[in-house]
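Colleague: All chains should be modelled from the sequences, with the hints used to inform the complete structure.
So the protein sequences, as listed, match chains A and B. Start counting the first sequence at 1; every next residue gets the next number (the numbering used here). Start counting the second sequence at 1001; every next residue gets the next number (the numbering used here).
Check before you lean on any hint, since a few could be wrong.
In silico SDA-like links for lysine to any residue, alpha-carbon gap of 25 Å or less [unchecked claim]:
| id | chain 1 | residue 1 | chain 2 | residue 2 |
| --- | --- | --- | --- | --- |
| 1 | A | Lys557 | B | Thr1491 |
| 2 | A | Lys103 | A | Arg70 |
| 3 | B | Lys1119 | B | Gln1637 |
| 4 | A | Lys564 | A | Gln637 |
| 5 | A | Lys557 | B | Ser1554 |
| 6 | A | Lys717 | B | Gly1298 |
| 7 | A | Lys574 | B | Ser1554 |
| 8 | A | Lys572 | A | Gln541 |
| 9 | A | Lys557 | B | Gln1637 |
| 10 | B | Lys1232 | A | Gln541 |
| 11 | A | Lys254 | A | Ala142 |
| 12 | A | Lys91 | A | Val122 |
| 13 | B | Lys1537 | A | Leu573 |
According to the in silico footprint, chain A covers these stretches of chain B (three or more CB under 8 Å from chain A) [as the list claims (entries may be wrong)]:
| id | stretch |
| --- | --- |
| 14 | 1318-1326 |
| 15 | 1606-1619 |
Calculated from the structure, these hints are not laboratory results. Note that beta-carbon positions come from the ideal geometry of N, C-alpha and C, so glycine has one too.
So you can see what is in the structure, the chains are spelled out below.
There are 2 protein chains.
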Amino acid sequence: MEGKNLLRYVFLLFVTVLFILFTLSNLSSPPSNTAELLDCAAYSPWCTSKNRIQSIKPEILQKPTAPTRRRHSADVPRHPLDPLTIPELNKVKEIIQKHEFFKNKAYALHSVVLEEPEKKVVLGWRKGEPLPLRKAAVVARAEGASHVLTVDLGSGEVTRHETGHLSGYPTMTVEDMTSATLAPLANADFNRTVVERGVDLADLACLPISTGWFGKSEEERRLVKVQCYSMKDTANFYMRPIEGLTVLVDLDTKQVLEIIDKGRNIPIPNAANTDYRFTHQNSYQRLVNPISIEQPKGPSFTIEDDHLVKWANWEFHLKPDPRAGVIISRAMVRDPDTGDMRSVMYKGLTSELFVPYMDPTNAWYFKTYMDAGEYGFGLQAMPLDPLNDCPRNAYYMDGVFAAADGAPYVRSNMVCVFESYAGDIGWRHSESPITGMEIREARPKVTLVVRMAASVANYDYIVDWEFQTDGLIRIKVGLSGILMVKGTTYTNTDQLNNQENLYGTLLSENVIGVIHDHFITFYLDMDVENTENSFVKVNLQREYTSPEESSRLSYLKAVRSVAKTEKDAQIKLKLYDPSEFHVVNPAKKTRVGNPVGYKVVPGATAANLLDLDDHPQRRGAFTNNQIWVTPYNESEQWAGGLFVYQSHGEDTLQVWSNRDRAIENKDIVVWYTLGFHHIPCQEDFPIMPTVSSSFDLKPVNFFESNPILKIPPNFEKDLPICKADDASA
Amino acid sequence: MEGKNLLRYVFLLFVTVLFILFTLSNLSSPPSNTAELLDCAAYSPWCTSKNRIQSIKPEILQKPTAPTRRRHSADVPRHPLDPLTIPELNKVKEIIQKHEFFKNKAYALHSVVLEEPEKKVVLGWRKGEPLPLRKAAVVARAEGASHVLTVDLGSGEVTRHETGHLSGYPTMTVEDMTSATLAPLANADFNRTVVERGVDLADLACLPISTGWFGKSEEERRLVKVQCYSMKDTANFYMRPIEGLTVLVDLDTKQVLEIIDKGRNIPIPNAANTDYRFTHQNSYQRLVNPISIEQPKGPSFTIEDDHLVKWANWEFHLKPDPRAGVIISRAMVRDPDTGDMRSVMYKGLTSELFVPYMDPTNAWYFKTYMDAGEYGFGLQAMPLDPLNDCPRNAYYMDGVFAAADGAPYVRSNMVCVFESYAGDIGWRHSESPITGMEIREARPKVTLVVRMAASVANYDYIVDWEFQTDGLIRIKVGLSGILMVKGTTYTNTDQLNNQENLYGTLLSENVIGVIHDHFITFYLDMDVENTENSFVKVNLQREYTSPEESSRLSYLKAVRSVAKTEKDAQIKLKLYDPSEFHVVNPAKKTRVGNPVGYKVVPGATAANLLDLDDHPQRRGAFTNNQIWVTPYNESEQWAGGLFVYQSHGEDTLQVWSNRDRAIENKDIVVWYTLGFHHIPCQEDFPIMPTVSSSFDLKPVNFFESNPILKIPPNFEKDLPICKADDASA
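Modeller: Written out as structure tokens, the structure reads:
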């Protein structure tokens, strides 16, 4: 009994200390806006913890010299679409601070980004002209309400101030996320069960899990569910879940509302073989010799005014975004005949993600993430690792975002841009032995990749926008990182009656990889030549011949149909009823009369199979089709709605599309959803080899002929002369 | 009248000269077997024509030094699966020449390849042991019949001699193809119509087009249809069809059986802008700076005994094949824990292609190519162009094949092997701002590519077998080369009443790109750990919860079913009824009890939609499903049958599979068909940018955990120091 009392005493002491720390961390003054803040230091209580990489042997690591850190304090916008600069963000912060409504109030800024000028203004702007009026779009939380503001950076006025949107809340701030993970520690019951499960509180790692929406009961409160892991003996705490323990926290008050404490019989899986860090391997396997993409005459691209990328026959504006990750704007390709830059896409971005897990039990049913709108796909895009996340010849771009108090900070190396050459062939032809003509013509395929990688807690999403000289844009999503796993009492499948109640795969002793899907929905504001475009389905249909007509019984015919309204363009892909999907400019024809266009070319994908009435699926209804087309509307950019956190699904792409507006010969937006079913396997443990899928935007009668006919082949004299680095001898 | 008579006279003279040449070429003695014959010179009448690249400016071209030409005269086989060597092929030639049946007869050898030893013999063989008995499998035509022989290279005996197979004929010889294209020139009517259409006979380029089978009428004769083009002013004669002129030729006698002379009103399209050769461009567009994959310490692979490839954790046997292109055998991957080489696949190859065109009219309906069985996918695989078909760091392998008279010849640089690094990521994880742990781990993805490119007349197929260190094998097919186009009177789409009777797209004035499909069927004899495997469908099914059970209404459950017989494994892919397709070894389980396996992962693909009763589709019935599984049977390797030329479809994969044999826990073969629908567009004119698709063989619980967990990241010190070639300054 003495011992138990002592334990209680230690507990209470611990909790008190934690509570004080927690309070202090919430009261602590916002980081100085004069500093170029780094990603981790200011915003996470764990940054100074023991989790920093220890015992690095510099002679082993010898990490590449970090690219020169750019200072952004004096950045000036030079293009109408340039993101807000540090001075501009500081100005917004100041304007809000002094604003009648916000001054003397507690508030948090959930989003501060450029409010882009109207499309026609951007299209009319020419370099050298003064920039259109700079405005900030701000989302703030204050007095339990969400506020949508427009801040005019010229006048310093708030020119729009709306509250009371539909259901849902804004994207969590990083402060929301980190403080939520601390909140349970202020609860004695929580701490007790953690310790009783054999986890030292100092080893606790907790995640803020968006709750979704499952009916009326969760309304009127901004909620998060916190689940925790043991990080003892591994950086890969994700593999050591404290299964069944779920803490419901009020995100506004940080109050613990409920603790669900189940699964106490489930052991915490072992840490053995879970750490993936190079410095923590007891041995390593060098499978291949060093290999590198080399460009003896330097890269072929330039980045003008920090954001305008010019490469080969392409030009586009590139910017990091806290919600979308990256935004590609005004993508134009040069016509090889006229030399003109021709518009392809006004704006492309990752609009939303939907990641439903397939386990309906208490600690899992709500895991139906919308990573962009709930967590901020850009907020979670961490600095890329030179030489490994991107090759040696990469250029890095920083993100400049605002913290919850409005203070700007820099997410360094958030995006990389590089030329890729995999040894592939752009086009080729050899004459065969049939003709015997001595022709061997081949051209190497070189592409430009724009990459970011968002680490939404465990999962890593690698998003590539790959531009080809033949006019094709490939949008590729790679999945890596760490599975979200479930603790179990099982250590071998022979203990199971049947596999079905696992909801996944036994990956290691006491570890289940739970089945889940990933859907990534892209917003593609196509402007082929100009804004007025149509969406054409070119359906391949089996036709029959008459007996006297042909020895063939059947053939396939391409049947074109122009989508008149949105419902005509709600597309589910069908292998046995195939179509091409063209965005054409009806006013512009090629020399021989074909409408100029680009087509959306799906790659391997997966469809959403949840019941349409399931709560998560109502919110994720934007994944009900693989393709949608809507008329351009500046308020329709986020497929799950502006406020997806706990939303009820009344503001999704599906709702907009079902209005069935006219889309023929209009400014149209194409939405494409890329999907993955993921049944985990042991190879995904403890960290997943990258799985990728992609789709393409491809010219279709956009050019008069092959636009890369005249590119030269590689000659030996153009290639570099290389030797091994002396240091490695 | 005088003029007309003169014209007739010139005609007759010309025809006579051609006939003499033609006869001579057929009577000419076979090439000496002592020489290392080159691809073109001996086998095509066009090789010495004006089509050789003219006016090459060496200082512009400066082609890379050709890899040292290997001499093969003294090659010795060192592995049971090594292809027949030059001495062995010469021995086969000699044995046939002296054989009782063939001596003093006219005959042609349509195939001379290694008859592989029985699987168990190969599996039992160890390096250093004497090779199993070497045998040749020979297909010959003599006395109007096809003969299937086994030649024992030890005893010099023909140990099997079968004639009278099902329907169909063997793959055309190169001599068949070239002589067929000459046959029409011996016909005055043909020559007259050609000249009357404005084409100089000296500018004629003709193609031998396999006729397919469309009913009883074509039986009992080996037929080919010859269609011709004008190569005046362009090497790209494919863009200048003499539309509607089809000559039916007997392949055995070279007799012209019928001339169909339609479409005389259709102009031959202009040559302008059709030539794609670098030396024939009046200007060129350098879009990117030189770029190269560099390996300062050399490649990481070795090729032992000319055919055994060892790279990273992989080992496999690689050989060129006249029908399949390349054959990968005994693919094994190293277990990172035990160091053992573990079997994945006994044999993989391109079994057949099926390329139906979608135009039922007279000159087009029969174009339903089966490129492997009709033309020889390997016979058409021309030398790869260093630096352009494969990157600088590539190794090249030659093919050694037999001509129609049995004489061996060398197809140099037919296959390349290289390591690829595109800047992609093998795996990664960054800790997010949520936890703030300072973790950034990423590993570069390096792969090994085995490539060949077959030019089946106009089309180029690039086949890559790409091996990844994580155990995945990606099989990728790229399509490039030149469209098969149709002449038309139209020069603009505004002349059309409706687009539908074009059967394709107007690509240029008078040029239609006809719609077609490509199907490429792969034979994959999977041996996961050993020969006894099962095929398991892991179907994702929507399950419903009860209201008291969960706030979720639905979720997806993985339901496994083992295929008992072949019909259980006739798979049509369904986006809305998705499955994984595992080949497992039921006798081998992982530590936690999952069956060890590999899965077939489809990529983007297209299905065959022709009517199942259509003649071409009966022959191409192997494309009726995307996946089939058969029990291993050494006679079932060619999905369209051993003899597909004019076959009736009684010997296809579908016929075998419909026997519905047991496949559970057996030695099984997986067949995967990759498909493309191709609606041509102007970008495909005059030569097509490469379009690719792929599928994967991927470990699924094959390894205990991520097999590349312990690979190191890139460090700056490992990368090369490069400079531009001085010569390029």
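Colleague: Quickly compare the C-alpha distance for A:Lys557 and B:Gln1637 to 25 Å and report which way the hint goes.
Modeller: 33 Å, violated
Colleague: Would the hint linking A:Lys91 and A:Val122 be met if the CA-CA limit is 25 Å?
Modeller: Holds, at about 23 Å.
Colleague: Mind checking, does the stretch 1606-1619 of chain B have 3 or more residues with a CB under 8 Å from chain A?
Modeller: holds (count 10)
Colleague: Hey, A:Lys103 versus A:Arg70, does the alpha-carbon distance stay inside 25 Å?
Modeller: Violated, at roughly 33 Å.
Colleague: Is A:Lys254 close enough to A:Ala142, meaning Cα to Cα at most 25 Å?
Modeller: 15 Å, holds
Colleague: If you draw a straight line from the CA of B:Lys1537 to the CA of A:Leu573, is it 25 Å or shorter?
Modeller: Judged against 25 Å, a Cα distance of about 22 Å means the pair holds.
Colleague: Does B:Ser1554 lie within 25 Å of A:Lys557 when you go C-alpha to C-alpha?
Modeller: Violated, at about 39 Å.
Colleague: Please verify whether A:Lys717 and B:Gly1298 have alpha carbons no more than 25 Å apart.
Modeller: The hint holds at about 19 Å.
Colleague: Could you grab the alpha-carbon distance between A:Lys557 and B:Thr1491 and see if it respects the 25 Å cut-off?
Modeller: 21 Å, holds
Colleague: B:Lys1232 and A:Gln541: Cα distance at most 25 Å?
Modeller: Violated, at about 37 Å.
Colleague: Assess, step by step, whether the Cα of A:Lys574 is no farther than 25 Å from the Cα of B:Ser1554, and give holds or violated.
Modeller: 23 Å, holds
Colleague: Cut-off 8 Å, C-beta pairs, minimum 3 residues; does the coverage of the stretch 1318-1326 of chain B by chain A stand?
Modeller: Violated, because only 0 residues of the stretch 1318-1326 of chain B bring their Cβ atoms closer than 8 Å to Cβ atoms of chain A.
Violation of the numbered hints given earlier is confined to hints 2, 5, 9, 10 and 14; the remaining hints are satisfied by the structure.
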